[in-house]
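Novice: Spelled out, the chains give:
There are 2 protein chains.
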Amino acid sequence: METKTMNIKIEKAKTSKIDKVDFDNLAFGNVFTDHMLVCDYKNGSWNIPEIIPYQPISLDPSAKIFHYGQSIFEGMKAYKDENNDIWLFRPLDNCKRLNISAKRMAIPEIPEDYFMEGLTALLKLEKDWIPQTPGSSLYIRPFIFASGTGFHASPADEYKFIIAFAPSGAYFSGKVKVLIEEKYSRSANGGVGYAKAGGNYAGQFYPTQLALEKGYNQVIWTDDNTHEFIEEAGAMNIFVRINDTLVTAPTSDRILDGITRKSILKIAKDEGIAVEERKITVSEIVEAAKNGSLKEMFGAGTAAVISPISAFGFRDVDYDLPEIGDNYASLLKKRITDIQYNRAEDKFGWRVKV
Amino acid sequence: METKTMNIKIEKAKTSKIDKVDFDNLAFGNVFTDHMLVCDYKNGSWNIPEIIPYQPISLDPSAKIFHYGQSIFEGMKAYKDENNDIWLFRPLDNCKRLNISAKRMAIPEIPEDYFMEGLTALLKLEKDWIPQTPGSSLYIRPFIFASGTGFHASPADEYKFIIAFAPSGAYFSGKVKVLIEEKYSRSANGGVGYAKAGGNYAGQFYPTQLALEKGYNQVIWTDDNTHEFIEEAGAMNIFVRINDTLVTAPTSDRILDGITRKSILKIAKDEGIAVEERKITVSEIVEAAKNGSLKEMFGAGTAAVISPISAFGFRDVDYDLPEIGDNYASLLKKRITDIQYNRAEDKFGWRVKV
Numbered sequence: 188m189e190t191k192t193m194n195i196k197i198e199k200a201k202t203s204k205i206d207k208v209d210f211d212n213l214a215f216g217n218v219f220t221d222h223m224l225v226c227d228y229k230n231g232s233w234n235i236p237e238i239i240p241y242q243p244i245s246l247d248p249s250a251k252i253f254h255y256g257q258s259i260f261e262g263m264k265a266y267k268d269e270n271n272d273i274w275l276f277r278p279l280d281n282c283k284r285l286n287i288s289a290k291r292m293a294i295p296e297i298p299e300d301y302f303m304e305g306l307t308a309l310l311k312l313e314k315d316w317i318p319q320t321p322g323s324s325l326y327i328r329p330f331i332f333a334s335g336t337g338f339h340a341s342p343a344d345e346y347k348f349i350i351a352f353a354p355s356g357a358y359f360s361g362k363v364k365v366l367i368e369e370k371y372s373r374s375a376n377g378g379v380g381y382a383k384a385g386g387n388y389a390g391q392f393y394p395t396q397l398a399l400e401k402g403y404n405q406v407i408w409t410d411d412n413t414h415e416f417i418e419e420a421g422a423m424n425i426f427v428r429i430n431d432t433l434v435t436a437p438t439s440d441r442i443l444d445g446i447t448r449k450s451i452l453k454i455a456k457d458e459g460i461a462v463e464e465r466k467i468t469v470s471e472i473v474e475a476a477k478n479g480s481l482k483e484m485f486g487a488g489t490a491a492v493i494s495p496i497s498a499f500g501f502r503d504v505d506y507d508l509p510e511i512g513d514n515y516a517s518l519l520k521k522r523i524t525d526i527q528y529n530r531a532e533d534k535f536g537w538r539v540k541v
Numbered sequence: 188m189e190t191k192t193m194n195i196k197i198e199k200a201k202t203s204k205i206d207k208v209d210f211d212n213l214a215f216g217n218v219f220t221d222h223m224l225v226c227d228y229k230n231g232s233w234n235i236p237e238i239i240p241y242q243p244i245s246l247d248p249s250a251k252i253f254h255y256g257q258s259i260f261e262g263m264k265a266y267k268d269e270n271n272d273i274w275l276f277r278p279l280d281n282c283k284r285l286n287i288s289a290k291r292m293a294i295p296e297i298p299e300d301y302f303m304e305g306l307t308a309l310l311k312l313e314k315d316w317i318p319q320t321p322g323s324s325l326y327i328r329p330f331i332f333a334s335g336t337g338f339h340a341s342p343a344d345e346y347k348f349i350i351a352f353a354p355s356g357a358y359f360s361g362k363v364k365v366l367i368e369e370k371y372s373r374s375a376n377g378g379v380g381y382a383k384a385g386g387n388y389a390g391q392f393y394p395t396q397l398a399l400e401k402g403y404n405q406v407i408w409t410d411d412n413t414h415e416f417i418e419e420a421g422a423m424n425i426f427v428r429i430n431d432t433l434v435t436a437p438t439s440d441r442i443l444d445g446i447t448r449k450s451i452l453k454i455a456k457d458e459g460i461a462v463e464e465r466k467i468t469v470s471e472i473v474e475a476a477k478n479g480s481l482k483e484m485f486g487a488g489t490a491a492v493i494s495p496i497s498a499f500g501f502r503d504v505d506y507d508l509p510e511i512g513d514n515y516a517s518l519l520k521k522r523i524t525d526i527q528y529n530r531a532e533d534k535f536g537w538r539v540k541v
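Here the protein sequences line up with chains A and B, keeping their order. So that you can map any letter, position 248 of the first sequence is 435 in this note's numbering, and since no number is skipped, the others follow by simple counting. So that you can map any letter, position 290 of the second sequence is 477 in this note's numbering, and since no number is skipped, the others follow by simple counting.
Only chain A is shown next, with the shape it has when bound in the complex (with noise of 0.2 Å):
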């Protein structure tokens, strides 16, 4: 990936807050590099992105972001290999992603190249800001929100489109339990839950909390019509193996389109695994878990790279899942992780040198 010459001024900081960060202790999008960039939407079209230090943002008390939620966001990770090359994986998903929310949320459009070589201009600026350390990585937080003005119900005139990385450890320690909702739902058809809009992740924190409480670390969502078919677990996409059989839910106009999720399907098909795309209704699991038939559930995402699932929980019976050895969830982060990382070949392209 090459920068072109788009000319992105770039102001330093004065000084680097590297030295004051435990590179071998990181948790999740705490601590936060040195730069980031700025793109300005203002009179119909976005300026040329800078890139400034890490800085707090200014708003009026009337920016549109503070009442009606006009944002979206990616997430995205930057890895070194042994080299200290860098490098993306899929990243032009994200930023087509990224404008797939923007639509639907009546948010402009971001040019590909100013995502694209803005992110590659702050990548080599923050280089030494990557981790090394196993289970590391450099996390890409890519964002628009509605910086316009006015309490009138509708899409702001101005937004801010900014990029800001935070160098991460594992977004979940250890094994995930997770609760299936019936009560509360993430999204409605028609609604916006293919986006990744911010109000899509607040409306879940609560029953998230619930469920916490409870002992569970996730809530995987059903539809909210019957409550009988699995969706995503917000922070991530679910994938369910019953026998040798790997099935997760389709997408559409209530679920992500998950680029993990849609990587692992291609990895799974490629190691021979018998995939499904279909719907998977909360009894079948039941069923599957029950007769020994359902052997692993795990969750796929930037964030959560894949995350097994030691156990869910469904109108207050918890169904533990077996310890297997051979077991899909590893093989699978293996593989892709390896493709990330540039440990192994990449036969799909998906990796992209910075």
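Derived from the structure by calculation, the hints contain no laboratory data. Be a bit skeptical, because a hint or two may be false.
Which copy is meant is left open, so a pair is good if it fits within one copy or across any two.
With a cut-off of at most 35 Å between alpha-carbon atoms, the simulated DSBU-like pairs for lysine-lysine come out as follows [claimed, not checked]:
#	residue 1	residue 2
1	LYS401	LYS283
2	LYS199	LYS521
3	LYS283	LYS449
4	LYS477	LYS229
5	LYS401	LYS290
Following the hints, complete the assembly by docking chain B onto the known chain A.
Specialist: Only chain B this time, still in chain A's reference frame:
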């Protein structure tokens, strides 16, 4: 309403912008007064609110409002009568609803006295900003958003509660033409539709833009499952008059419990109008439009007050509403605004003197 001795610190603006405002030509929500109330949630509790000059808010780029849409708001108005006395309409109901929204969005609830006393103190300071032009009022916007930082998709640890004022004219100019929506949806069963959560509004912008392009002003949302039941219009609840009966959809977890809505129901009953809170199907409205029993439709909300609907569109057909002399919309609008502006007896005890 007495200001107790909470000791709200007031930092006055050095100069006022009030002389620059044309109070005879106010739009909706784009002029703001000199001061605002700010209250910070930190270390597990809300600080005492303070009044400061209206000014930009500075936030870390990782503040959760930008990423996860954790924000809620209320809409209220202050009215000035002929004696220059200032009135609020059912303000405690807004405070209670803000806290209902807060709970659903995993935002800490604001103490009622912080809300009420903060609002009162700010109103007393800004009393000259309350328009007396007919149809104008001081629009009040209390809102809370996540100011705490970090990319982990979980509730923030810090929040800001702010009240800002905008002297405003009418939300809609003239009658409203609405489109009954069958593809896109506003909310899910078990979702956040009953909360005044920011993301609920952003999700409506794109479908509303499509409706605007077709010549409509607003969308009437239907249930996301069958699209057969009308729900609300995003910025207002919907009332339908069939023959002489006034009908509105019951509130649910998908529909906002509008304060204007419930006041209109009371006033209508008081007027001896037959009132029904029940599910309304689209087919029923279309049928009633065809056979002439559909006499009126109007929206009701704080910003919109009562906005008569001139026509509704459904499946590429427009159905015009008749112009009738003794219409409920005018009667009910007069009754409610007479109470709000202290021009009539307040038999329900809704008006609160500041």
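Novice: Next step is simple, just say for each hint if it's right about the structure.
Specialist: Consistency of the hints with the structure:
Only between protomers do LYS401 and LYS283 lie at most 35 Å apart by alpha-carbon distance; the minimum there is 28 Å, versus 38 Å within a single protomer. Proximity of LYS199 and LYS521 under a CA criterion of 35 Å is satisfied in neither setting, with 37 Å inside one chain copy and 61 Å between copies. Proximity of LYS283 to LYS449 under the C-alpha cut-off of 35 Å is restricted to the intra-copy arrangement: shortest distance 14 Å within a copy versus 44 Å between copies. Taking CA atoms no more than 35 Å apart as the test, LYS477 paired with LYS229 passes in neither setting, with 58 Å inside one copy and 46 Å between copies.
When the C-alpha separation of LYS401 and LYS290 is checked against a cutoff of 35 Å, the pair qualifies only between copies, where the shortest distance is 18 Å, while the shortest distance within a copy is 38 Å.
Violation of the numbered hints given earlier is confined to hints 2, 4; the remaining hints are satisfied by the structure.
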